[in-house]
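Here the structure of chain D is known, so what remains is to put chain H in place on it, guided by the hints.
Here's the letter readout for the chains.
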Amino acid sequence: MKILVPLKRVADPENANKVKIAAPAGGLAPKIETTGLEWKPNPFDEYALEAALRLTENGTAVKARLGEVIVVTFGPAECDQTLRGALATGADRAIRVDVTDDQLDGDLVARALAKLVDQVKPDLVLMGKQTVDSDSNQVAQLLAAYLGWPQVTFAANIVNEDNKALKIGRVADGGQINVRVQLPAVVNVEDRVVNPKGVTSPPTPATHKYADGVRFAPLPAIMQAKKKPLEVKKLADLGVEAAPKVKYLGYEAPPARKAGVKVKTVAELVDKLKNEAKVL
Amino acid sequence: MSNAQTAQNRYKADLREIRFLLFEQFGLGELLGKEPYASWGEDEVNMVLDESYKFSCDVLGPLNSVGDRVGCHIENGQAVTPPGFKEAWTKLYEAGWKSVGVKTEHGGQGAPMALSVAVEEFLSGANVAFAMYPGLTVGASEVIDHFGTPAQKELYLPRMFDGRWAGTMCLTEPAAGSDVGAARSTAKKLPNGKYSIKGTKLFISGGDNDFTENIIHLVLARVDGAPQGTKGLSLFIVGKMKTDASGAILGPNDVALGGLEHKMGINGSTTALLNFGENDQCEGELVGTVENLGMPQMFKMMNVARIGVGLQSVSVASAAFLNALEYSKERKQGPNIRNWKDANAPRVAIIEHPDVRRMLLDMKARVEGIRCLIVKLARHQDGFVVNQGKDDAAASYHLGQVDLLVPLVKAYGSDQSFRICETAIQVYGGVGYTKDYPAEQYCRDSKIFSIYEGTNHIQSMDLVGRKLGQNGGANLQAFLGDIGKFIAENASHPALGPSIKELQAAHEAVGMTAMRMLGWFQMGQMSMVPVVSTRFLEMMSELAVGWLLLVGASIAIEKTKGLADGEEGAKDRAFYAGKTLAAKYFAMNVLPGVKLKAEVLGREDTSSLDISDTAFATV
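Sequences listed follow chains D and H, in order. Using our numbering, you'd call the opening residue of the first sequence number 1 and step up by one each time. Using our numbering, you'd call the opening residue of the second sequence number 1 and step up by one each time.
Okay, chain D solo, but in the shape it has when bound (with noise of 0.2 Å):
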């Protein structure tokens, strides 16, 4: 099975504090300040690595690779160093769409997938369900859209069924929705799907247990990373113009919580969920 995996590097959403709202200047849009930021792989993406590499090898034997898994990234030069920890991590290949995260949004990114898709024909796109700085959540379904692919979205399990298609278990309000997806299709994945038996898929033995979580860079993977493929793409050579649907008005902080009431009685308390935060 050969598996395209979108990844888009993040800030460090436990250092979120740190990101700044730049003043706008000279008439140009507000922009977030991102210098001084520490930048880490989106965490949801990962989660789709750990899948496609589950899917494409023996558990019991990872060295031996059965499937290949393709990366991509959009960004600049500095966005290599998560193609290569991703490389790291096992996955075959990189592709890097030059561009800056300013020239961007989700139907772009989307676009300019397919056109990728077209390229380097996989059977599945396997992705985060979204990233963790703006929660679109919007880049599966567009693409999948722009593909006239299937998709199935929040998967929590996948069983791969040789390799032509996919029973899902999908996260629904109250329980999981089973469904099952002919291939090629887009899914996009929720962090359960790293769990022990997150995925099963031929030939790694039914009995096998993966460890909970994504798998950790392996020194001689570390060291092999660099001789992996990575291969640079411009915009254009994909034929897809740079041209952003959404624009960026202003930002704002969430407002500030406002300080709690000390209630002296019951009574008191009961009064105030019934009348003034209506939740009795």
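Honestly, I wouldn't trust all of these hints.
Rough simulated footprint, nothing fancy, chain D against chain H, three-plus residues with beta-carbon under 8 Å [what the hints assert, rightly or not]:
#1 430 to 438
#2 558 to 571
Within a straight-line C-alpha distance of at most 20 Å, the following computed DMTMM-like cross-link-like pairs (lysine to aspartate or glutamate) qualify [what the hints assert, rightly or not]:
#3 D:K226 with H:E35
#4 D:K227 with H:E35
#5 D:K40 with H:E42
#6 H:K571 with D:E14
#7 D:K40 with D:E78
#8 H:K91 with D:E57
#9 D:K40 with H:D43
#10 H:K12 with D:E38
#11 D:K227 with H:E42
#12 H:K54 with D:D135
#13 D:K197 with H:E291
These are computed hints drawn from the structure, not numbers from a lab. Just so it is clear, the structure is predicted and the values come from calculations on it, not from any experiment. C-beta atoms are modelled at their ideal positions from N, C-alpha and C, and glycine is treated no differently.
Coordinates of chain H only, in the frame set by chain D:
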């Protein structure tokens, strides 16, 4: 588990500091991309640092307090290690973090030692008790690699480097601790060329485990008829299990686990009493082919192990410092001293209190100082490897500095480690004494570092008795020469001038004291030497630390000039200011003590020799 602290990672490291030492201060970049490190580039180094740190925090860190609270015990004659250790061992070898510095011919990545010590710091810092098992395994493998026969290398090395088999070093016996030569274990040559091993070994770290199918003990024993003392000792490879030449396990090798020690710290590490040959069925192989070479062979492993103890020391001390620092920013207590008269003044985080700041900066300077010693040692080892066979003078210089630094790294590092951990508890206050916070475990774990692998007094005698005069004194001359050069070049440094003056005074004091001790040797005043050797080791270490911190500060000051204004350069600016002030603190508060110690030492006070045994106390 018996209390609130469950399987949670408390380990943290300052990767910016590690990168500063590797790339900005000790020039790791000069080695990369060239033989024998051609496969290493800056990207690989950075990814290895990030990933091994992540591994240490995710896999080893959560088991640190588990190992401490649960400890090890014996079931059916077999050690049972704490829950999770077996899985961690498997993951460690899958991830390859024990092969960073291992030669490529053994499946390793042949990294510069400067990098592998950084990785080791993470592994040990996250869980020092766990890290002992793989640490000793590498140490034992290296002895076999260095001295073993081709057949021994072929049988043991692949299995020990990939984690199927573990390794230990067995020197100590009930009546032979620091006095190794008193060992009574015996070896009798058998018709098949092997030896029948008989004896009891004590305090064997990693002496048993429940995660490898075999353990390779390197055992010091005396062949029948060999001379007494250290000269008659030979080193033997003794498996826990008997194997055939293909490595297949045939059955037990009459190595009985006689007991496990109940210790103050490193409770996750088995400390075993092993009985070899109780039933005359224990077979061992001589390391190499020549008998009575046990001590020089074991010294190869001891050297590796002593550097390893220095690493453990900085690892645990650094974790204690960074945890105390975090707590000091969260814990609110009392008003700022400026508002001491105002009962309604806002409560402040304790990091605002001057004495807490003093303790934090003291810990920072010492942690970073002993780390400098280790990275410097490692960088000299790399310098030796690069120049070996090409530039004899350079190779000899680098090797000489490694030899000279080993006792400093081991003894000064470990003495400081315990004291830094103690200071960390003090920063926490009362809760630091409880098991809800990690500082007390760090303190208990670190105490052993000044004792094992040769007590710190043995290190000081090694320094004074062997290392100062080694190469006709050339190693010491080169060491002092390097410092003298830095002093001369920076005497009028606009920011560091007063600190350099302190360094100069310490430099003179150490040189003078070395000469004084040489005089004692020449005049037969031998009994003075052990009285002062520990103090001298401390003086020389403080001189080295003061120097290396000031070198770092001078680099930091230069680099600050090139930083961007405002937000963009803020992080680096704060980092470099920290380097500079830690160096200044050490120079102004610790280095003056070197001169004082030299003066004290020069008085040749013999009270501790003059006092009779009965005069110590009346009980």
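Here is how each hint holds up against the structure:
1. 430 to 438: Coverage by chain D is violated here, the residue count being 0 at a Cβ distance below 8 Å.
2. 558 to 571: holds (count 4)
3. D:K226 with H:E35: Status holds; Cα separation ~18 Å.
4. D:K227 with H:E35: 18 Å, holds
5. D:K40 with H:E42: 18 Å, holds
6. H:K571 with D:E14: At roughly 16 Å apart (the allowed maximum being 20 Å), E14 (chain D) and K571 (chain H) satisfy the hint.
7. D:K40 with D:E78: 11 Å, holds
8. H:K91 with D:E57: 18 Å, holds
9. D:K40 with H:D43: Satisfied, since the Cα-Cα distance of roughly 15 Å is no more than 20 Å.
10. H:K12 with D:E38: 17 Å, holds
11. D:K227 with H:E42: 15 Å, holds
12. H:K54 with D:D135: Outside the cut-off at roughly 25 Å; violated.
13. D:K197 with H:E291: Given that 20 Å is the threshold and the Cα spacing comes to 55 Å, the pair is violated.
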